[in-house]
Amino acid sequence: METAVQETPVLPVLATHQITKRYGATIALRNVDFQVHAGEIHALVGENGAGKSTLIKILAGAVRKDSGEIRLDGKKIELQEPAAAQRLGIRVVYQDFSLFPNITVGENLLVGRWHSRLPGLVDWKACYRRAEELLQGIGFQLDVRKPLNSLGVAEKQMLEIAKAVAEQPRLLILDEPTAVLEEEETQRLFGVVRRLRQSGTGIIFISHHLEEIFTLADRVTILKDGQVVDTRPTASTTKDELIQLMVGRELGDLYPKRIRQRGRPILEVRDLAGENRIHHVNFTLHEGEILGFAGLVGSGRTEVARCVFGADRTSAGSMMLDGKPVSFRSPREAIAAGLAFLTEDRKKDGLFPDVSIEHNVSAASLSQFSKLAVLSESREAAAVNRVIQKLAVKPNEPRKLVKQLSGGNQQKVALAKWLLTESKVIILDQPTWGVDVGTMVEIYHFVAELAARGKAVMLISSVLPEILGLSDRIIVMREGATVAEFDRPEATEEKILAHAMGVSE
Amino acid sequence: MNTKTTTIASENQGIPFGQQCLEVWNRYSMYIIFGIIVVISALISDAFFTQNNLINVLKQVSVNGIISMGMLLVIIIGGIDLSVGSVLALTGALVAGLQLKLPLYQAVSLALIAGALPGLISGFFITKTKMAPFIMTLAMMTIARGMGFIYSNGTPIQVSNERFTELGGGTLGIIPYPVLIMLGVALIIHFIVKRTTFGREVIAVGNNEEAARLAGIPVNRIKLLTYTICAALSALAGIVLTSRLYIAEPMAGSGFELDAIAACVIGGASFNGGIGNVPGTLIGVVTLGLINNIMNLLNIQSYPQQVIKGLIIIAAIVARREEKR
Amino acid sequence: MNTKTTTIASENQGIPFGQQCLEVWNRYSMYIIFGIIVVISALISDAFFTQNNLINVLKQVSVNGIISMGMLLVIIIGGIDLSVGSVLALTGALVAGLQLKLPLYQAVSLALIAGALPGLISGFFITKTKMAPFIMTLAMMTIARGMGFIYSNGTPIQVSNERFTELGGGTLGIIPYPVLIMLGVALIIHFIVKRTTFGREVIAVGNNEEAARLAGIPVNRIKLLTYTICAALSALAGIVLTSRLYIAEPMAGSGFELDAIAACVIGGASFNGGIGNVPGTLIGVVTLGLINNIMNLLNIQSYPQQVIKGLIIIAAIVARREEKR
Amino acid sequence: ATASNRLRIGMANFTLGAPYFSGMSKAVQEEAAVYPNIQLFVTDAQSRADKLMADIEDMISKGVKGVIISGAVLESHVPALNALKKAKIPVVLVDRELKGGEYTSWVGPDNYQIGVNNGEYIAKRLNGKGNLVLLKGGPADNSIGLARTNGALSVLKKYSDIKVVATGWGEWNTEKAIKVMEDILAAHKDIDAVLCENDSMGLGAMIAIKNAKREKDIFIVGVDGQKEAIKAIIDGTNFECTGMNNSDIIGRAGFNRLMAILAGCRAPKKTVVDSPRIIRSNAARYYNPDSVF
Ligand SMILES: Nc1ncnc2c1ncn2[C@@H]1O[C@H](COP(=O)(O)OP(=O)(O)OP(=O)(O)O)[C@@H](O)[C@H]1O
Ligand SMILES: Nc1ncnc2c1ncn2[C@@H]1O[C@H](COP(=O)(O)OP(=O)(O)OP(=O)(O)O)[C@@H](O)[C@H]1O
Ligand SMILES: [Mg+2]
Ligand SMILES: [Mg+2]
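Residue numbers (our numbering), protein chains in the order written: chain A, 131 to 635; chain B, 103 to 427; chain C, 103 to 427; chain D, -18 to 274.
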């Protein structure tokens, strides 16, 4: 079957020839040759910073290539601006949301393509009707007249997808679309993508979750340091082989072997309720323990973390830290008490983009390096260097601005910030979001090491295997409340999902 | 999925009454505050609630009203235009100078076109060189002011053409033409914002410029057009002002940018871009005019007036208490 | 791992020469442009490159220099302060009034404290009610101006205390005190930005306020402090100006906010917050002063001066050509 | 008198941000305070012609019986005057004689004549030979400044050896004047006199000249009779001469003129308030340390 597809002499929908792109000193892409056939799902994998996003931005007309050529259906095309790519039927779901916060869900779907009866005039009725159709087309229900602001991340992601597949694209590009999706939505997305494949669309699919690549993709191209390493059919390769090609070495076990060593209770949360959605949240976190938090998107895990950390206000309940009742009015108080919080959206609330790596990392622990508010730069540099080397942040240039780093390295910087604070309780919200396998494994080992050093870790993740692979115990949340708790040995994906979806009885 | 949708729906119905009030407040606060100011004004001054005085207020705010409509577009797109006041002065001088030599309609059209130019230029630099609008329009403010002075040689230029002064001084029924022009402009801008693709593009760019670009919106062209419209409306305001005063002063309009910006913000626009609406801005324009009017009627001294005006602006915006992000 | 490092290193060497030039330009452009202006000035006017004239220029920019340092902090934190000019006038009036009744150092300290208050109040509202800094400080600008008028009764207050006027008129060696004060303030602010936790926190807040809060930075306190410092520096500038003029004029300082903002932006600060530096801002301050100076030396008329000034500001910023995002 | 039967009078100021004009307003307020049955409405247009018009419209709404207009740009207030005429409200102009509209009476200085006086002083003091610097107000409110400077130049142009070597723009205030004067001093080594369009700028020029230690070489002539300037003249500084343009006198005269008109008198259309030249020998007579301006 597979071979049959390959031997059919179909013209590739898309072919790139010798594409090169530099950013200052960095060569993001180097002579990239790459083809996508009609009716093919072509996966693009590579480490963080390998150049995947850059490549697709060039294909979308959002970034100009330095040299090389692009052919769509055999015709050479020049993409000066995104509009040109759109006209040619190239549609993209970007890694970062490209939505408009203050307008309605429906209009978000149609920006740039409003329906009008008279040229220049918007026909709102037709617009909303069309928006509803588009959402239904991918099996997704949303009130199209709601403001976008009221949506959660997963809903926003589905919206991005609906936007991209609106008009039978010739080439559909998905840059890590599943990072924020739960199983159910991921499956629905796959359904949509397969339908498009059937109708002859070429699809580029980027993901750091290799299982997804094997379920969905027909072929896979591996990028490394801006160069194409290889392209092969998924059927004739294996996960380990892919990892080897991407990372350039064997990774060994994904999840570290851990010795369970639960210490005394350090954080006890009783009947916590937040101002928005969470209520009746109960759990206890012990020293040296990794406590996983599972749940569907929107189940309130992030809000629990924010409430515990003093970032959002609580409306009821109590918290004990080290046996003493506490209630934090600000993150500052929480940090002073020994908490750390890696947020899920590093771009929104985890990083200072125009600031160097070094100053980002030290931002939460400036008092350590200062006397009477005056900083000792040498002590700061020494401490920062220690952690960024430990996390292998690339490039290893502490003065580089964080906005110039790739996503995965930005995530490491965000994490590094909390390693300097020497906290007792570390809350990690989606710590591997957008991170490549190599880094993912590094982070896993790192988290395990933290626990081994007696730290208490609260691990929030939408990647169930991650939770199962790392946690000592697992809390399940549903609709804002903690609904179940498992010791690792007795937890299974099925049980967790059953509780998360409320179908356990 | 279904379960989720229903949950959200039922949550909506379950919102406590207090919260519902808060939402009504958030949406209509500026109208409520405006109503309160009107009622208080009427209570403390007999002279306030007379037809004459109310029409006066509208006439007085008409120039700021016209400028504010352009400023609103610029603020929605995420920019700012500090040059409106000096563009107004420049255009005023031009129209006053040109009408001495040309037929009226030619003078007016030429002045309008010339007045739109600074906006085109600002827009060009803002889009092409990614200059901050604040600094670009600040420079343009100085340049246009200087050009106005050069053109007028630093002295006011008088207008005697009666047909022209009728524009600023005449009325339709009891409504002065400047008020009609302001309302007309407001209606058009409202329509543009709500119903035209251009208006929606302005909003999209203001919301998320990069996303707008990715959605194929010609961001630069839209910005250019927005700044040009803003300048053209300032030019229109300059023509109205000149015809109202029978004279074009080279120093006219200094500080007008601040009034226009204040009106937009009182009316709910945000400097982050993407948010803003015409009715609110109009209310903001009239509120500012009312503050001046009622303090004059109450014979409050000029110096305390300034303090009180500042306090009322703060109060109006604090009372609105924007929903937190 | 190793291979990679070497790749990057060799890549660095492989950067084309043109690109290297570009990077040098990006980093030092404002200094280069500044140098060009100086050289041109020296060429076209004999009077320019005299010790006397250069010291004059520094003296003339000292007030704006002091204000700009406060404005810089505010811009770095992502805000803006339009009230600096009227805070300057208010403080000037206060110090002139108080020194008639109190010992000099008491008068100066009291005026400084009173001058810092508007900043504290603006900061309070900006942090507590999430008001846009533009509109809050706009209101404060009106309020402080009104208060200055009320205090001074609308008339200038004269200063005769020789020890006080020495502050503005005296010199240390050949360097006038105001210049020393400006340089001292600049050094301190530079140190604060570069070497203190407070400075780092200001930058962090300006870059990403929410991330700063979650990193345990007391965002509100930092903002409050920043606006207070800015007002205090405006107050200091007001004291220096008064002692230089022997008189406190209630309308003093109008428009100063624009000069200060222009200086910061020419010096590389960004309205998005998080970016800005003291040396650049100083260069910006002196550049603006030079523009005025050389045009006066060349006896250029006031009207074209304005146009040329605007053009030079645009040129200075365009030439810098910020790296595209 | 109760609020309703009080006589309402308006004092429309073009600006209260300049001491000359706030002095004028104060004088009128002081005069009005003498009459318990008069209610005075004082407004400040903050140098905006459209606001002056709005202020006057508000006064008309309020039912004033007479209006004093102070300051303003000469040609800019025709509609305001028309509105007052339409409402049959008498108008007294103080200081500026507005052009283009109708007013009832004007009390003010002759700026051209002040300029002539200054020109004569300079010509005599220089003995017909020397280098002169002009500090002009501008850019705003140019007409008054032009009258003053042209008055002076009408005299000085008769002396071919008196040259204007530089013209600076001091925007009517001390601070700008210092800067401009500093620059001019740097550019010109040989200056004998500075003619300023008002005293505020003269005071600025004085500071700049003093800092440059050239007060022995350069004398200053101003306009207004601002008390700080008179003090400087008394003290024997190089600020030697100014043309009296006393807003206090003008303001009081203007108020009394309006009272007379309201009482039914036929007032003269124009009254020029004398603007004597103030020099060291007569300065003490004009100095009042307690005056507003
Ligand atoms: N605007 C930019 N300026 C400078 N360097 C950039 C810029 N954008 C990307 N780069 C660099 O280009 C390289 C490729 O980045 P790209 O975002 O394409 O990686 P990626 O494969 O998508 O990584 P990730 O998996 O983390 O999303 C990286 O080294 C990155 O630092
Ligand atoms: N009713 C609602 N009002 C406001 N925001 C909501 C609502 N429901 C969901 N959200 C949004 O959904 C997102 C997910 O909620 P939250 O982060 O608390 O849950 P979570 O279990 O951590 O989900 P995730 O897996 O996305 O991290 C949040 O960004 C939140 O703003
Ligand atoms: Mg990427
Ligand atoms: Mg979450």
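Hints in this document: simulated from the structure, not taken from any laboratory.
Hints are supplied without guarantee of correctness; some may be wrong.
Straight line, CA to CA, 30 Å or less: simulated BS3-like cross-link-like pairs of lysine-lysine [claimed, not checked]: (1) C:K296 to B:K232; (2) B:K203 to D:K46; (3) D:K170 to D:K194; (4) B:K296 to A:K286; (5) B:K230 to A:K206; (6) D:K80 to D:K66; (7) A:K276 to C:K230; (8) D:K144 to C:K411; (9) D:K67 to D:K191; (10) C:K232 to A:K286; (11) B:K296 to C:K232; (12) A:K478 to A:K387; (13) D:K43 to B:K411; (14) A:K530 to B:K232; (15) D:K251 to D:K46; (16) B:K296 to B:K232; (17) D:K105 to D:K46; (18) A:K533 to B:K230; (19) C:K230 to A:K478; (20) D:K66 to D:K251; (21) A:K276 to B:K296; (22) D:K191 to C:K203; (23) D:K157 to C:K203; (24) A:K477 to C:K232; (25) D:K191 to D:K43; (26) B:K232 to C:K411; (27) A:K387 to A:K554; (28) D:K191 to C:K411; (29) C:K411 to A:K276; (30) C:K296 to A:K530; (31) B:K230 to A:K477; (32) D:K46 to B:K411; (33) B:K411 to D:K32; (34) C:K232 to A:K478.
Simulated restraints, written as ranges between beta carbons of each label pair [as the list claims (entries may be wrong)]: (35) C:I215 to A:R275: 29 to 35 Å; (36) C:E125 to B:L222: 29 to 35 Å; (37) A:K206 to C:E125: 30 to 36 Å.
Source: prediction; values computed, not measured.
Don't be surprised by glycine CBs; every beta carbon is placed ideally from N, CA and C.
Status of the hints after comparison with the structure:
Distance check on the hinted pair: C:K296 and B:K232 sit about 27 Å apart at the alpha-carbon level, within 30 Å; holds. Under the criterion of a C-alpha separation no larger than 30 Å, the hint pairing B:K203 with D:K46 is inconsistent with the structure, at around 41 Å. A threshold of 30 Å between alpha carbons decides the hint, and for D:K170 with D:K194 the separation of about 12 Å falls inside it, so the pair holds. Taking the CA atoms of B:K296 and A:K286, the gap is about 24 Å. The hint holds against a cut of 30 Å.
Our distance criterion of 30 Å between C-alpha atoms is met by B:K230 and A:K206, whose separation comes to about 28 Å. The straight-line distance between the Cα atoms of D:K80 and D:K66 is roughly 14 Å, inside the 30 Å bound, and the hint therefore holds. With a CA separation close to 29 Å, the supplied pair A:K276 and C:K230 stays within the 30 Å bound. For the given pair, D:K144 sits about 28 Å from C:K411 by alpha-carbon distance, which is consistent with the 30 Å threshold.
Distance restraint check for D:K67 and D:K191: the Cα-Cα separation of roughly 54 Å exceeds the 30 Å cut-off, and the hinted pair is therefore not satisfied. A C-alpha spacing of about 26 Å is found between C:K232 and A:K286, which places the hinted pair at or below 30 Å, so the restraint holds. At roughly 27 Å between alpha-carbon atoms, B:K296 and C:K232 fall within 30 Å of each other, so this suggested pair holds. For the suggested pair A:K478 and A:K387, the alpha carbons sit about 33 Å apart, so the restraint of at most 30 Å is broken.
Note on D:K43 and B:K411: the hinted pairing holds, with a Cα-Cα distance of about 20 Å set against a maximum of 30 Å. For the hint linking A:K530 to B:K232, the alpha-carbon distance of about 23 Å falls within 30 Å, and the restraint holds. The suggested pairing of D:K251 with D:K46 holds, with an alpha-carbon distance near 21 Å, which does not exceed 30 Å. The straight-line distance between the Cα atoms of B:K296 and B:K232 is roughly 28 Å, inside the 30 Å bound, and the hint therefore holds.
At most 30 Å may separate the alpha-carbon atoms for a hinted pair to count; D:K105 and D:K46 exceed this at roughly 49 Å. The suggested pairing of A:K533 with B:K230 holds, with an alpha-carbon distance near 22 Å, which does not exceed 30 Å. A hinted pair counts as satisfied when its Cα atoms are at most 30 Å apart, and C:K230 with A:K478 qualifies at roughly 21 Å. Pair hint D:K66 plus D:K251 holds up; C-alpha atoms about 18 Å apart against a cutoff of 30 Å.
Of the supplied pair hints, the one linking A:K276 and B:K296 holds, its CA atoms being roughly 16 Å apart against a limit of 30 Å. Proposed proximity of D:K191 and C:K203 is supported: the alpha carbons are some 27 Å apart, at most 30 Å. Among the hinted pairs, D:K157 with C:K203 is consistent with the structure: their alpha-carbon atoms are about 29 Å apart, no more than 30 Å. Our distance criterion of 30 Å between C-alpha atoms is met by A:K477 and C:K232, whose separation comes to about 22 Å.
A hinted pair counts as satisfied when its Cα atoms are at most 30 Å apart, and D:K191 with D:K43 does not qualify at roughly 51 Å. For the hint pairing B:K232 with C:K411, the CA-to-CA distance comes to about 20 Å; that is within 30 Å, so the pair holds. A distance of roughly 22 Å separates the Cα atoms of A:K387 and A:K554; the hinted pair therefore holds under the 30 Å criterion. For the given pair, D:K191 sits about 29 Å from C:K411 by alpha-carbon distance, which is consistent with the 30 Å threshold.
Using a Cα cut-off of 30 Å, the hinted pair C:K411 and A:K276 is violated, with the two alpha carbons roughly 49 Å apart. At most 30 Å may separate the alpha-carbon atoms for a hinted pair to count; C:K296 and A:K530 meet this at roughly 16 Å. Our distance criterion of 30 Å between C-alpha atoms is met by B:K230 and A:K477, whose separation comes to about 27 Å. Taking the CA atoms of D:K46 and B:K411, the gap is about 28 Å. The hint holds against a cut of 30 Å.
For a cut-off of 30 Å, the pair hint linking B:K411 to D:K32 stands: about 15 Å separates their Cα positions. The straight-line distance between the Cα atoms of C:K232 and A:K478 is roughly 18 Å, inside the 30 Å bound, and the hint therefore holds. Between C:I215 and A:R275 the CB atoms are about 53 Å apart, so this pair departs from the stated range of 29 to 35 Å. Checked against the hint of 29 to 35 Å, the pair C:E125 and B:L222 passes, with Cβ atoms roughly 33 Å apart.
For A:K206 and C:E125, the hinted distance range of 30 to 36 Å is satisfied, since their beta carbons lie about 33 Å from each other.
Violation of the numbered hints given earlier is confined to hints 2, 9, 12, 17, 25, 29, 35; the remaining hints are satisfied by the structure.
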